[in-house]
Amino acid sequence: MDTAIKYDIEVIQEEARQLARKGLVNRQQPIFTIFKYIRDREWSYFEHELENNEYLLRDRIIDLLGSEKWEED
Numbered sequence: 901m902d903t904a905i906k907y908d909i910e911v912i913q914e915e916a917r918q919l920a921r922k923g924l925v926n927r928q929q930p931i932f933t934i935f936k937y938i939r940d941r942e943w944s945y946f947e948h949e950l951e952n953n954e955y956l957l958r959d960r961i962i963d964l965l966g967s968e969k970w971e972e973d
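Start counting the sequence shown at 901; every next residue gets the next number (the numbering used here).
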């Protein structure tokens with residue numbers, strides 16, 4: 901039974917946003933930097949969804965995030 905998560909672009913964007921907020925990735929790094937935070941067996945789903953939405957692994961994380969809502973501190 902395959903228990904791998906099926907990623908959609910919103911899930912990927914939120915994952916990237918959380919990693920950036922935690923300081924684990926920098927918004928200027930390439931999207932493939934996120935790979936080390938995704939389980940190996942799920943990476944193909946992740947990569948496929950990025951390609952379907954016309955993102956390249958070399959694109960910057962900030963391109964994936966687009967506009968972000970900022971809350972006041």
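Any given hint could be a false lead.
To be verified - Computed spacing ranges between beta-carbons, pair by pair:
| id | residue 1 | residue 2 | range |
| --- | --- | --- | --- |
| 1 | Leu956 | Val911 | 26 to 32 Å |
| 2 | Asn952 | Gly923 | 24 to 30 Å |
| 3 | Gly923 | His948 | 26 to 32 Å |
| 4 | Arg941 | Gly966 | 25 to 31 Å |
| 5 | Lys936 | Leu956 | 17 to 23 Å |
| 6 | Glu910 | Ser944 | 25 to 31 Å |
| 7 | Asp908 | Leu956 | 15 to 21 Å |
| 8 | Gln918 | Asp959 | 23 to 29 Å |
| 9 | Gly923 | Glu954 | 24 to 30 Å |
| 10 | Glu914 | Glu951 | 15 to 21 Å |
| 11 | Glu914 | Leu957 | 17 to 23 Å |
| 12 | Ile962 | Arg941 | 26 to 32 Å |
| 13 | Glu951 | Gln929 | 15 to 21 Å |
| 14 | Ser944 | Gly923 | 16 to 22 Å |
Calculated directly from the structure, the hints in this document are not laboratory data. Glycine included, C-beta positions come from ideal geometry on N, C-alpha and C.
- Query: Between Leu956 and Val911, does the C-beta distance stay in 26 to 32 Å?
  - Reply: 19 Å, violated
- Taking the CB of Lys936 and the CB of Leu956, does the distance hold inside 17 to 23 Å? Given a distance of about 18 Å, which is inside 17 to 23 Å, the answer is holds.
- How does the Cβ-Cβ distance of Glu910 and Ser944 compare with 25 to 31 Å: does it lie in that range? 19 Å, violated
- Message: Assuming the hint says 26 to 32 Å, is it satisfied by the Cβ distance from Ile962 to Arg941 or not?
- Response: Given about 27 Å between the Cβ atoms, the range holds.
- Cβ separation of Asn952 and Gly923, checked against the hinted range 24 to 30 Å: With Cβ atoms ~29 Å apart, the hint holds.
- Query: If you check the beta carbons of Ser944 and Gly923, does the distance land in 16 to 22 Å?
  - Reply: Given about 27 Å between the Cβ atoms, the range is violated.
- Query: Do Glu914 and Glu951 keep their Cβ atoms within the hinted range of 15 to 21 Å?
  - Reply: 19 Å, holds
- Item | Range hint compliance [Cβ, Arg941 to Gly966, 25 to 31 Å] | 28 Å, holds
- Message: I want to verify a distance hint. Is the separation of the beta carbons of Gly923 and Glu954 within 24 to 30 Å?
- Response: 28 Å, holds
- Message: 17 to 23 Å was suggested as the range; check whether the CB atoms of Glu914 and Leu957 agree with it.
- Response: 18 Å, holds
- Is the distance from the Cβ of Gly923 to the Cβ of His948 consistent with 26 to 32 Å? With a Cβ separation near 28 Å, Gly923 and His948 satisfy 26 to 32 Å, so the hint holds.
- Message: Taking 15 to 21 Å as the stated bounds, is the beta-carbon spacing between Asp908 and Leu956 within them?
- Response: 18 Å, holds
Hint compliance for this structure: hints 1, 6, 8 and 14 are not met, and every other hint is.
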